[in-house]
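Peer 1: Starting from the structure of chain A, add chain B where the hints point.
Quick note, the sequences are listed as chains A and B, same order. Residue 271 in UniProt numbering is what sits at position 271 of the first sequence, and the numbering runs on without skipping anything. Residue 185 in UniProt numbering is what sits at position 185 of the second sequence, and the numbering runs on without skipping anything.
Calculated from the structure, these hints are not laboratory results. Heads up, some of the hints might be wrong.
Here are some chain A residues pointing at chain B (derived, C-beta under 7 Å) [claimed, not checked]: (1) T98; (2) Y99; (3) E100; (4) S101; (5) P104; (6) G106; (7) D138; (8) E139; (9) S140.
Once the Cα atoms are required to be at most 20 Å apart in a straight line, the calculated SDA-like pairs of lysine to any residue come out as [unchecked claim]: (10) A:K65 to A:Y24; (11) B:K108 to A:D68; (12) B:K138 to A:V216; (13) B:K138 to A:E139; (14) B:K108 to A:S96; (15) A:K189 to A:H221; (16) B:K138 to A:H95; (17) A:K115 to B:Q221; (18) B:K69 to B:D96; (19) B:K138 to A:D217; (20) B:K108 to A:E91; (21) B:K138 to A:S96.
Just so you know, even glycine gets a beta-carbon here, dropped at the ideal spot from N, CA and C.
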Amino acid sequence: MFRNQYDTDVTTWSPTGRLFQVEYAMEAVKQGSAAIGLRSRSHVVLASVNKAQSELSSHQRKIFKVDDHIGVAIAGLTADGRVLSRYMRSESINHSFTYESPLPVGRLVVRLADKAQVCTQRSWKRPYGVGLLVGGLDESGAHLYYNCPSGNYFEYQAFAIGSRSQAAKTYLERRFESFNESSREDLIKDAILAIRETLQGETLKSSLCTVSVLGVDEPFHFLDQESIQKVIDTFEKVPEEEGDGGEGEAEDEAAPAEQGGAGDQDVAPMEI
Amino acid sequence: MTFTIPIDNGDSLKNAEADSQRTLYPYVTGTSIVAIKYKDGVLMASDMGGSYGSTLRYKNIERMKAIGKHSLLGASGEISDFQEILRYLDELVLNDNMWDDGNSLGPKEVHNYLTRVMYNRRNKFNPLWNTLVLGGVKNGESYLGMVSMIGVSFEDNHVATGFGNHLARPILRDEWHADLSFEDGVKLLEKCMRVLLYRDRSAINKLQIAKITEEGVTVSQPYSLKTFWEFKAFHNPTAGAEGSW
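Only chain A is shown next, with the shape it has when bound in the complex (with noise of 0.2 Å):
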């Protein structure tokens, strides 16, 4: 995709029938670090790699909770994801406020799909530039969407995006037929496996991922440092054993590979 005469603005349409606008803010989200989503019947988990700006500042967050029933995980530019969590927290609550009754997810996201369209068809917008995975439950049980910022959604059985979304997808297409019948664990510990293909050969650490569920039984929530490390322990044995030496080698190699982020020194500070 190379600039072209016809990508100034998001109301100008190529002679090939293409919105570019559109086109550059689904780039920003592939420029985000990943986010993973993977529903089963009755639960629904949502993942992240914790990616910092520098070794000095924390990591942002990019997996908001909209209400006990829905979660949301973003990839891009991270302060338009906030905005986006703001709308549907709001729309959420209204919803329950009038009817004291949770709003079924499949809802919200055409409300979501609907506020993203209006900014491809007006000339003093943009398009939000992060992509949103949103998981949740209403009656007819757990259900997985991705928001792009076109203003399409399509619902999932699992999903990736962000940089090296990839690597993780190959993972979550060899198995997704089995997930509608997984038990909440094996659901966990595929979404942390998923995450660790996109980190590329680092160490899977419990600091480097943010893990959330939620399901039919149980709001929405995040998983402490601990148990997530717990699962990551059951799969991770055989690099500890090495012992320390491989430990330490690991480590460095985790450094650099943090601040690189997709490996592209042109990735913008704002998008996380």
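Peer 2: Just chain B now, with coordinates in the frame of chain A:
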């Protein structure tokens, strides 16, 4: 009843028009509604009278209506306001159906929506002059609640409006129990309605009983209750005061 913000410049002549835009008193009213939870859902009874002050002007008014798939609404008070509420709910149910996504409004949601509407109107000094009874069944759970014209809202196993509160609820407090059969529930409601018929001057002897279960809503055809007037004390009512009537 449209709403306009009254202009307070102290001139009552100018304000008269603003006042006519909000509810001051009811005109055509329905009397009590009585409802109980029973084994399979909810039973609700109402008569078909619409009073114009002290005149029993209308005798074929249906004061109970089905809302969506899971709820039944009964209203006492101003009939035109009840019709307005039915229009609001019609729109609500329509929008809910248009989503076509497997989710549907249950009785709890409708009850809370109505509570919000009634309370907001009360805050604007332009109430919908009704006491509403909302019953329903969804996913096997029965629901029965009430909202008054000032927005007071609650749920219970048995509810009644207007005179029903004073005459029917004491009977229900004594004789209601969980898991009533359909026949027992109807008998209990008829007992309450009979007392209301004897003692409430705006009641008429033409009632309907509505039932809502997981399968849906059925409203019975109108029928009348057997009454007994041959009490000895009524034979010569003026015995103690000759010349009166």
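Peer 1: Is the shortest C-beta separation between A:E100 and chain B less than 7 Å?
Peer 2: holds, 4 Å
Peer 1: Classify the hint on A:S140 as holds or violated, based on whether any CB of chain B lies nearer than 7 Å to its CB.
Peer 2: holds, 5 Å
Peer 1: Please check whether A:S101 passes as an interface residue: C-beta within 7 Å of a C-beta belonging to chain B.
Peer 2: holds, 5 Å
Peer 1: Going straight from one Cα to the other, do A:K65 and A:Y24 come out at no more than 20 Å?
Peer 2: violated, 28 Å
Peer 1: Are the Cα atoms of A:K115 and B:Q221 separated by 20 Å or less?
Peer 2: Given that 20 Å is the threshold and the Cα spacing comes to 49 Å, the pair is violated.
Peer 1: Can you verify the interface hint for A:G106: is its Cβ closer than 7 Å to any Cβ in chain B?
Peer 2: holds, 5 Å
Peer 1: Can we keep the A:D138 interface hint, with Cβ of chain B closer than 7 Å?
Peer 2: Check passed: Cβ of A:D138 comes within 5 Å of chain B, closer than 7 Å.
Peer 1: Please verify that hint: A:Y99, Cβ, nearest Cβ of chain B, below 7 Å or not.
Peer 2: holds, 4 Å
Peer 1: Please work out if B:K138 and A:E139 have their alpha carbons no farther apart than 20 Å.
Peer 2: Between B:K138 and A:E139 the Cα gap is close to 11 Å, so the pair holds against 20 Å.
Peer 1: Taken at face value, is the distance from the CA of A:V216 to the CA of B:K138 at most 20 Å?
Peer 2: With a Cα-Cα distance of about 18 Å, the restraint between B:K138 and A:V216 holds, given a limit of 20 Å.
Peer 1: Given A:T98 as an interface hint, is the shortest Cβ-Cβ distance to chain B below 7 Å?
Peer 2: holds, 5 Å
Peer 1: Under the criterion that the straight-line Cα-Cα distance not exceed 20 Å, is the pair B:K138, A:S96 satisfied?
Peer 2: With Cα atoms ~18 Å apart, B:K138 and A:S96 stay inside 20 Å; holds.
The structure shown violates the earlier hints numbered 10, 17.
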